[in-house]
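Chemist: Heads up: the protein sequence lines correspond to chains A and B, in order.
First residue of the first sequence? That's 411 in the working numbering, and the numbers climb one at a time after it.
First residue of the second sequence? That's 411 in the working numbering, and the numbers climb one at a time after it.
The set of hints was computed from the structure by calculation and includes no laboratory data.
You can trust all of the hints, since none of them are fake.
No farther apart than 30 Å at their CA atoms in a straight line, the calculated lysine-lysine pairs in the BS3-like style are these:
1) B:Lys-485 to A:Lys-455
2) B:Lys-573 to B:Lys-485
3) A:Lys-511 to B:Lys-455
4) A:Lys-455 to B:Lys-511
5) B:Lys-455 to A:Lys-455
6) B:Lys-585 to B:Lys-644
7) B:Lys-455 to A:Lys-485
Protein chains: 2
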Amino acid sequence: MTHTTDVVGVGAAIVDILARVDDATIEGLGMPKGAMSLVDADQSKSIYGALKDTTERSGGSVANTIAALGALGSKTAFIGKRRDDQFGEIFAHDITTSGTKFPTPAATQGEETARCMVMVTPDAERTMATYLGVSGDLGPADVDAATVKDAGILYLEGYLWDKPDAKEAFRAAMKLAHEAGRRVALSLSDPFCVDRYRESFREIVAGDVDILFANEAELLSLYEMDDFDAAMDKVAGEVDIAAVTRSEKGAVIAYGSERHGIPAEAIDTLVDTTGAGDLFAAGFLFGMANEKSLDLCGAMGCMASSVVIQMLGARCGDELHAAFAKQGWV
Amino acid sequence: MTHTTDVVGVGAAIVDILARVDDATIEGLGMPKGAMSLVDADQSKSIYGALKDTTERSGGSVANTIAALGALGSKTAFIGKRRDDQFGEIFAHDITTSGTKFPTPAATQGEETARCMVMVTPDAERTMATYLGVSGDLGPADVDAATVKDAGILYLEGYLWDKPDAKEAFRAAMKLAHEAGRRVALSLSDPFCVDRYRESFREIVAGDVDILFANEAELLSLYEMDDFDAAMDKVAGEVDIAAVTRSEKGAVIAYGSERHGIPAEAIDTLVDTTGAGDLFAAGFLFGMANEKSLDLCGAMGCMASSVVIQMLGARCGDELHAAFAKQGWV
Numbered sequence: 411m412t413h414t415t416d417v418v419g420v421g422a423a424i425v426d427i428l429a430r431v432d433d434a435t436i437e438g439l440g441m442p443k444g445a446m447s448l449v450d451a452d453q454s455k456s457i458y459g460a461l462k463d464t465t466e467r468s469g470g471s472v473a474n475t476i477a478a479l480g481a482l483g484s485k486t487a488f489i490g491k492r493r494d495d496q497f498g499e500i501f502a503h504d505i506t507t508s509g510t511k512f513p514t515p516a517a518t519q520g521e522e523t524a525r526c527m528v529m530v531t532p533d534a535e536r537t538m539a540t541y542l543g544v545s546g547d548l549g550p551a552d553v554d555a556a557t558v559k560d561a562g563i564l565y566l567e568g569y570l571w572d573k574p575d576a577k578e579a580f581r582a583a584m585k586l587a588h589e590a591g592r593r594v595a596l597s598l599s600d601p602f603c604v605d606r607y608r609e610s611f612r613e614i615v616a617g618d619v620d621i622l623f624a625n626e627a628e629l630l631s632l633y634e635m636d637d638f639d640a641a642m643d644k645v646a647g648e649v650d651i652a653a654v655t656r657s658e659k660g661a662v663i664a665y666g667s668e669r670h671g672i673p674a675e676a677i678d679t680l681v682d683t684t685g686a687g688d689l690f691a692a693g694f695l696f697g698m699a700n701e702k703s704l705d706l707c708g709a710m711g712c713m714a715s716s717v718v719i720q721m722l723g724a725r726c727g728d729e730l731h732a733a734f735a736k737q738g739w740v
Numbered sequence: 411m412t413h414t415t416d417v418v419g420v421g422a423a424i425v426d427i428l429a430r431v432d433d434a435t436i437e438g439l440g441m442p443k444g445a446m447s448l449v450d451a452d453q454s455k456s457i458y459g460a461l462k463d464t465t466e467r468s469g470g471s472v473a474n475t476i477a478a479l480g481a482l483g484s485k486t487a488f489i490g491k492r493r494d495d496q497f498g499e500i501f502a503h504d505i506t507t508s509g510t511k512f513p514t515p516a517a518t519q520g521e522e523t524a525r526c527m528v529m530v531t532p533d534a535e536r537t538m539a540t541y542l543g544v545s546g547d548l549g550p551a552d553v554d555a556a557t558v559k560d561a562g563i564l565y566l567e568g569y570l571w572d573k574p575d576a577k578e579a580f581r582a583a584m585k586l587a588h589e590a591g592r593r594v595a596l597s598l599s600d601p602f603c604v605d606r607y608r609e610s611f612r613e614i615v616a617g618d619v620d621i622l623f624a625n626e627a628e629l630l631s632l633y634e635m636d637d638f639d640a641a642m643d644k645v646a647g648e649v650d651i652a653a654v655t656r657s658e659k660g661a662v663i664a665y666g667s668e669r670h671g672i673p674a675e676a677i678d679t680l681v682d683t684t685g686a687g688d689l690f691a692a693g694f695l696f697g698m699a700n701e702k703s704l705d706l707c708g709a710m711g712c713m714a715s716s717v718v719i720q721m722l723g724a725r726c727g728d729e730l731h732a733a734f735a736k737q738g739w740v
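From just these sequences and the hints, can you work out the full model?
Modeler: Dropping the structure here:
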């Protein structure tokens with residue numbers, strides 16, 4: 411079926427507040443290291459007060475993926491809610507200048523635009539505290555039907571499952587996509603997120619998802635299994651394609667009975683793992699949108715991931731395009 | 411005379427919007443490369459629209475210097491005007507978490523917090539377009555007298571001379587400082603800025619300034635001279651100490667008939683010259699606040715400058731502290 415948009419993402423419209431911290435700060439704040447925790451406006455202020463020398467960059471898991479796809483030249487669209495404030499302006503600027511259509515209007519009331527405090531420890535691991543703000547108010551009415559129906563792939567994030575309205579928006583988007591004969595891709599996002607919504611995720615993975623992105627911990631958590639190969643077999647029976655990342659061990663792609671092991675790219679200096687999964691998804695979806703083999707899709711994912719972890723933050727359009735151009739991929 | 415604050419800065423409260431661009435973009439926007447141009451709200455929007463993958467970090471010339479001094483452990487204060495918006499929140503957060511007192515309340519009306527679009531070309535040069543917003547409304551009433559009188563050194567930037575109210579605020583601050591027996595330091599900021607206000611700058615350099623910071627181009631422009639040594643002799647007759655930077659040639663400090671040549675620090679990779687002058691001033695003033703020799707003050711300036719030009723943006727508290735610790739300076 412023809413389409414003019416390669417991938418439409420539905421997710422949180424977030425600005426990241428990045429700061430380098432030591433491990434003691436993470437412990438002092440009582441945050442689970444390496445994970446994403448949701449915080450309210452008051453907690454957000456108190457964590458922000460503990461950070462120094464911050465850097466602000468657009469973020470949001472699905473939004474990072476979509477902006478990267480846009481930078482690579484894919485035809486992209488994003489649906490997500492921001493306020494008419496300065497963080498909302500930054501977010502909208504950065505996603506639209508990646509070439510992405512962004513039909514969702516800025517909310518003129520409600521909470522502020524979402525912010526995610528990304529605390530990077532000396533081991534380059536990131537620990538995140540997210541204030542979802544108005545982004546969690548995304549509801550079914552915000553899902554622009556024409557945009558979803560027009561896209562070859564609909565891409566969703568597990569993160570927004572924390573909000574009932576957003577969950578309904580996801581369900582509405584999946585229904586629209588499938589009715590139009592499109593494929594649905596989902597990122598499980600975070601092991602704690604999987605813990606909170608395991609039954610619900612299992613249900614949509616089994617019933618609605620065509621392409622699943624997860625890391626090893628998220629996949630094992632989803633099925634409450636210890637054995638990676640057994641979990642891969644399980645997921646392979648439920649989705650068309652599962653792309654599972656394993657940090658420095660690269661990724662494994664499952665397609666029916668096929669298993670494709672993809673080695674990680676060698677890197678010079680690990681700076682900040684923020685966006686590693688988001689960029690893997692971008693590279694992989696770029697391959698799929700261009701009808702490449704699963705091995706090449708996986709290699710593109712690992713390459714994109716290697717670019718973003720060598721810099722601060724999750725937006726790396728220019729560097730990504732340069733790395734792909736060097737391989738002759740764009 | 412005793413004081414509990416080492417340096418109080420008066421300047422613009424700005425958030426930088428940093429983006430990598432090619433030379434054609436700078437030409438297309440009609441911007442003088444390497445300089446700072448003032449833009450209005452509409453121009454600001456149109457330039458912003460031409461940038462991709464932006465990074466937001468606190469900025470402001472004097473504010474960068476003061477935040478760096480704070481990170482080194484000096485006792486610092488800052489006076490400058492921001493709005494009660496999200497950019498104002500970022501600015502206030504970053505300056506206060508450097509340990510700096512910031513007595514100026516957020517304005518509840520007027521234009522938005524200042525923003526500076528910092529466009530970094532492949533040669534690592536930065537070209538700036540500044541929307542001063544509410545920061546230019548700084549007036550004499552905003553100059554907290556107790557804060558100024560308590561500080562050993564008052565530090566001002568030429569940039570704000572573009573605004574009549576701010577100019578009066580500077581004059582008020584200089585008067586307070588001198589009445590309290592304090593020293594006044596000024597950065598000439600930018601050659602175009604010197605061009606616009608040459609007579610006025612000459613008058614305060616000759617009459618009010620004790621410590622002058624400038625780069626070679628600004629100094630030559632101030633006196634409309636071609637000969638560097640002659641310009642150094644001229645300025646040495648007017649101020650107590652002149653610290654003049656010459657990019658990769660390091661700096662020359664003039665004190666009466668003394669001339670101290672300071673070599674630049676060797677660097678690995680030049681990333682972005684944003685903040686080079688601001689951080690030179692920080693290192694130099696840190697030396698002065700700790701009663702070091704002029705040679706050491708100059709070396710500290712060159713060291714601080716070398717740290718900031720190897721990263722994106724002008725705030726580098728942690729890296730600066732680490733570099734100074736390595737030298738045994740903190």
